[in-house]
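Trainee: Sequence order for the protein chains is A and B. With the working numbering applied, the first sequence corresponds to residues 1 to 298, in that order. With the working numbering applied, the second sequence corresponds to residues 1 to 687, in that order.
In short, the hints are calculated from the structure, not lab data. Treat the hints with care, as some may be off.
To give an idea of the interface, some chain A residues facing chain B are shown, with a C-beta separation under 10 Å as derived from the structure [what the hints assert, rightly or not]: (1) 6; (2) 8; (3) 76; (4) 151.
Straight-line Cα separation of at most 35 Å, DSBU-like style, residue types lysine-lysine; simulated pairs [unchecked claim]: (5) B:501 - B:473; (6) A:123 - B:473; (7) B:102 - A:70; (8) A:3 - B:303; (9) B:295 - A:10; (10) B:501 - A:57.
Ideal Cβ placement from N, Cα and C applies to all residues, glycine included.
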Amino acid sequence: MIKFENVTKKYEDFTVLENFNLEIPTGCAYGLLGTNGAGKSTLLRILSGVYKPDSGKVTIDGEDIYDNAKTKQKILLISDETSQFNGMTLLQMKKFYKTFYAKFSDEKFNQLNNIVNLPVNKKLGGFSKGMKRQAAVICGIAAGTDYLFLDEAFDGLDPSMRSEVKKMIIDAMCDNDMTVVTSSHNLHEIEEYCDTVGLLHHGSMLFNKDLGELKGNIHKVQCKFEKLPEKEDFPELDILLIEEKNGFTNIIAKGGADETLEKIKEKSPNVCDLIPLSLKEIFIYEMEALNYDRTKLM
Amino acid sequence: MTEQSSCKSLFKTYLFYKIKQNSAFFVLCCLMNILALPLFAVAMNKGLTSTLTGFYQLGFFFSIFAIIVLPFLAINGAVISFAFYTKKNLSDTIGSLPISYKQRFWADFIGGYIVNVAPIIPSGIISLCIFGASEGKYNDFCKLNEIANPINFTGYGAALFFNLFIITTFAYIIAAVIVSSCGKVVSTTLFSIIAVFGLPMFVGGIVGVFATCATGMDVKSVVGTVTAFLPPVGLFGEVYEIIKFFNVYLEQSEVITKSCDFISLKPSYIIVYIILAAALIAAAYFIGKNRKIEKTGSKFVFKSMYYAISLVSTIGVSLSILGFAYNRADNYILYGLICGAIICVVNILIYLPNKKEILRCIASGAGGILFSVLLLLLFDKTGSFGNRYISEDGSKYEYLLINERIKLTDKDDISQYVKLLNNEIGTHSDQFGYNDEYGDVIEYKTSSGKVKQRKYYISNYYSHGIDFESIIKKLGGYSKYFFEELDSYDFDWSISVKTEKISADISPEDAEEFLKVLKREAAEKYKDGAEIAGTVEFSEIVGDRVNYMGYHRSFNIQKDFTDTLDMISLLGADQEIDPESQYFYIDYNGFNNAIHIEVPYKDREDPIVKEMMSCFVTEADFDNSDYFDFHIVSEDIHNDRYYVPPENKQRVIELMTQYAEKKLTSPNAHKSITGEDEEEFATKDDF
Numbered sequence: 001m002i003k004f005e006n007v008t009k010k011y012e013d014f015t016v017l018e019n020f021n022l023e024i025p026t027g028c029a030y031g032l033l034g035t036n037g038a039g040k041s042t043l044l045r046i047l048s049g050v051y052k053p054d055s056g057k058v059t060i061d062g063e064d065i066y067d068n069a070k071t072k073q074k075i076l077l078i079s080d081e082t083s084q085f086n087g088m089t090l091l092q093m094k095k096f097y098k099t100f101y102a103k104f105s106d107e108k109f110n111q112l113n114n115i116v117n118l119p120v121n122k123k124l125g126g127f128s129k130g131m132k133r134q135a136a137v138i139c140g141i142a143a144g145t146d147y148l149f150l151d152e153a154f155d156g157l158d159p160s161m162r163s164e165v166k167k168m169i170i171d172a173m174c175d176n177d178m179t180v181v182t183s184s185h186n187l188h189e190i191e192e193y194c195d196t197v198g199l200l201h202h203g204s205m206l207f208n209k210d211l212g213e214l215k216g217n218i219h220k221v222q223c224k225f226e227k228l229p230e231k232e233d234f235p236e237l238d239i240l241l242i243e244e245k246n247g248f249t250n251i252i253a254k255g256g257a258d259e260t261l262e263k264i265k266e267k268s269p270n271v272c273d274l275i276p277l278s279l280k281e282i283f284i285y286e287m288e289a290l291n292y293d294r295t296k297l298m
Numbered sequence: 001m002t003e004q005s006s007c008k009s010l011f012k013t014y015l016f017y018k019i020k021q022n023s024a025f026f027v028l029c030c031l032m033n034i035l036a037l038p039l040f041a042v043a044m045n046k047g048l049t050s051t052l053t054g055f056y057q058l059g060f061f062f063s064i065f066a067i068i069v070l071p072f073l074a075i076n077g078a079v080i081s082f083a084f085y086t087k088k089n090l091s092d093t094i095g096s097l098p099i100s101y102k103q104r105f106w107a108d109f110i111g112g113y114i115v116n117v118a119p120i121i122p123s124g125i126i127s128l129c130i131f132g133a134s135e136g137k138y139n140d141f142c143k144l145n146e147i148a149n150p151i152n153f154t155g156y157g158a159a160l161f162f163n164l165f166i167i168t169t170f171a172y173i174i175a176a177v178i179v180s181s182c183g184k185v186v187s188t189t190l191f192s193i194i195a196v197f198g199l200p201m202f203v204g205g206i207v208g209v210f211a212t213c214a215t216g217m218d219v220k221s222v223v224g225t226v227t228a229f230l231p232p233v234g235l236f237g238e239v240y241e242i243i244k245f246f247n248v249y250l251e252q253s254e255v256i257t258k259s260c261d262f263i264s265l266k267p268s269y270i271i272v273y274i275i276l277a278a279a280l281i282a283a284a285y286f287i288g289k290n291r292k293i294e295k296t297g298s299k300f301v302f303k304s305m306y307y308a309i310s311l312v313s314t315i316g317v318s319l320s321i322l323g324f325a326y327n328r329a330d331n332y333i334l335y336g337l338i339c340g341a342i343i344c345v346v347n348i349l350i351y352l353p354n355k356k357e358i359l360r361c362i363a364s365g366a367g368g369i370l371f372s373v374l375l376l377l378l379f380d381k382t383g384s385f386g387n388r389y390i391s392e393d394g395s396k397y398e399y400l401l402i403n404e405r406i407k408l409t410d411k412d413d414i415s416q417y418v419k420l421l422n423n424e425i426g427t428h429s430d431q432f433g434y435n436d437e438y439g440d441v442i443e444y445k446t447s448s449g450k451v452k453q454r455k456y457y458i459s460n461y462y463s464h465g466i467d468f469e470s471i472i473k474k475l476g477g478y479s480k481y482f483f484e485e486l487d488s489y490d491f492d493w494s495i496s497v498k499t500e501k502i503s504a505d506i507s508p509e510d511a512e513e514f515l516k517v518l519k520r521e522a523a524e525k526y527k528d529g530a531e532i533a534g535t536v537e538f539s540e541i542v543g544d545r546v547n548y549m550g551y552h553r554s555f556n557i558q559k560d561f562t563d564t565l566d567m568i569s570l571l572g573a574d575q576e577i578d579p580e581s582q583y584f585y586i587d588y589n590g591f592n593n594a595i596h597i598e599v600p601y602k603d604r605e606d607p608i609v610k611e612m613m614s615c616f617v618t619e620a621d622f623d624n625s626d627y628f629d630f631h632i633v634s635e636d637i638h639n640d641r642y643y644v645p646p647e648n649k650q651r652v653i654e655l656m657t658q659y660a661e662k663k664l665t666s667p668n669a670h671k672s673i674t675g676e677d678e679e680e681f682a683t684k685d686d687f
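Hey, can you work out the whole structure from these sequences and the hints?
Mentor: See the structure below:
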């Protein structure tokens, strides 16, 4: 389990994390969201033992990470930058990871590389950005660590590559009970395989929820009324937003789907349909409900 | 146990990874080290067989090039080895690897050292083998070229190797300290170069100025001494000497007298260097441990470094330039401008490309100019803050003791002496001595009971230091102090007199009476600048013989010392000077040759001698060392001192050569006085 306890991290006068608390259970696929500069990379670097928190405690399975070689054997960070491997071939990169990670599996590496079919004897400097990402991910997965941290892992990947990489990660999680923390500023990228998402903003976690629970608990009902209703017209519902768009009224409410639909129908709308929400929309409405300007969050 | 061995193996793994990663640099460093040492040894070997062959010249050239490059390679090695601190992409990958800071630091440090510095060890050993194998050849070379005092050929090779080893090691370690505190490749490299080359000068300058302030010693001498000892750049002075010695020896252009006595071979210095290196490595370790990795990519890791470097550069540059370049010439503004410009550049390097900081750079440069000029003015006007000049108020002194012998107690005499001394100090500011062996010592006791000492270079034929004798001669009580000094020695003096007509030795029986008359007349009539009729020479007697190499004093006999002159006439009536026996001697010691001639007075009308003497002057420009290539002494009563101005130097050498050639036809005319005769003691009976 990953645990942040009152962690503060500052860059000179700029506070990136302030009294930050978070728990990520073992085996979880955690999606870390936030705008550029929200502190996602910092959080991952603290988790990887690259940065030392100014105060507070960060542990993995109850043990400190910073300057702890033993704990670091359990983790691997795939940075958003891969140019450091430009002078290496894929085989050399594999050898590099193999020397430091005792559980590195050649078999796994070959198996994964058979999927993406990267040239093993060509220097990574000649690879495209997407190929470099794939190379880093297959080495990271083959390293067999318990925790894998991916910083903007899907940047620069085309849709097919993105899909392949995601599949690799999901397979690795299933096979090894691996905990994966992925940072991104794009919800779509992590929606498919993350079971928990957190939204980082201004040094604190605005939002940290199970994705399934999140999706099942918020609904959009498209209806048509003679007169635009107010929130007060539905006292039993937890209404997040009522808006009029293209002649229709959209009601975003928290709670069970059937219950919400029933309560709205009681007001006799001309039309009343339950519309599925994307994760992005759910986030936006949740944030607006917390009085945050959605344009500054995503 | 398993965990421990796993950690150890990861250290090794990372170390091998570092070495392998930098294998290209390893090849380059090996090549440069081979050029610097084994090639140098081979070139010297070839030079022994046939001086200045093409191989020797080419080998020498490449070796010098490699020797200069080696410290830069060491700096570059440290920057590359600790690239983790300067490249963000590496800091993520390396920082997250399962190794501790301790393992990573030592692997980075040792790995970089093995790649960039260690190749000097096998190269040095190979070069020593080549030097050793060349010893026989070198001995033959010395015999063939009649070299009487051969140098320790292999010893010089060893000194070169050890010097370069210390230089490159320190360059690497200092760069490791800098890279631990910086976060950018360019600034790290730049600051490392500044630190490697500027730090010893900086420390030397500061120590020099403070030592001068505290003791009144020669600031340049202290700076030179301190800096020569400080690695890495200080030891380059020794490398330069070694290379020069090899080159000079093989070209036989100069006689080498320096023994194989180098700093890098002295165990006491080596111990100091080891301690210094350990301290610097510890500094690199702890700075690295406390640095924030997120500062990778920033110019400095610690914010306070901006202010520290600004402040240190302003004070340090001013003090070190003052230490190195201080001269009492009226160049305050020039000095201030140079300091200001350097400080400005240092600050620009620190702050730019942040354009907002340009004003700060200019302000710091202006501050530097102001600080430097004020410092120099203060330094000069206060006489090293009160420690360089001595107070001219005679009432403040109980006594003033010159060289532990001449004790001034009269307040007016002290005041007059100190005024003259301060003026001399001001005129020859760069001649303050720190060397006990050649120093003149002024000790004084203030009326408050404090006893202080000042040391100065002695004035002699070859230096242009403070002329203590001429100062004390200006005092009214000079004769009293002169004879008090004579009496203070616990040996007897042999006395001889010389006037225009008479040269006579005063027998011990007559000495007492003679001195009585001389002392009386001197006390009554002595006056500085009075016309001279002759001199009285006092020479030390050891046992029953005169030691001509021992203590010697002379006192001028003024023309108005009539009683003394009468007595001399009586005592030496039968010893009239034979003009044929009088000489003056001219020595020339140039870089490439030395000439010595003796000119009898009878030859004064010789056209060559006449022209030669017309080239002499009696006053020298003491700040121009060219004036001291010649040593001219006459045996006349005045013992006048002549100098040859630089513009006449060539002509005088030509005339000396012509005169020597002319005299070669007469075997007695060109005799050498290098002599054993002079060192031989004469007995009292000889007089």
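Trainee: All hints, please: hold or fail.
Mentor: These are the hints, each one checked on the structure:
1. The interface hint given for residue 6 (chain A) is broken, as the beta carbon of that residue sits about 19 Å from the closest beta carbon of chain B, more than 10 Å.
2. Taken as an interface hint, residue 8 (chain A) does not check out: its beta carbon lies about 13 Å from the nearest beta carbon of chain B, beyond 10 Å.
3. Because the smallest distance between the Cβ of residue 76 (chain A) and any Cβ of chain B comes to about 7 Å, under 10 Å, the interface hint for this residue holds.
4. A least Cβ separation of about 8 Å between residue 151 (chain A) and chain B falls short of the 10 Å threshold, and the interface hint therefore holds.
5. For the given pair, residue 501 (chain B) sits about 25 Å from residue 473 (chain B) by alpha-carbon distance, which is consistent with the 35 Å threshold.
6. Between the alpha carbons of residue 123 (chain A) and residue 473 (chain B) the distance comes to roughly 86 Å, so the proposed pair goes past 35 Å and is violated.
7. Among the hinted pairs, residue 102 (chain B) with residue 70 (chain A) is consistent with the structure: their alpha-carbon atoms are about 14 Å apart, no more than 35 Å.
8. Taking the CA atoms of residue 3 (chain A) and residue 303 (chain B), the gap is about 31 Å. The hint holds against a cut of 35 Å.
9. Distance check on the hinted pair: residue 295 (chain B) and residue 10 (chain A) sit about 11 Å apart at the alpha-carbon level, within 35 Å; holds.
10. For the proposed pair residue 501 (chain B) and residue 57 (chain A), the alpha carbon gap of about 103 Å is over 35 Å, so the pair is violated.
Of the numbered hints given earlier, the model fails hints 1, 2, 6 and 10; all others are met.
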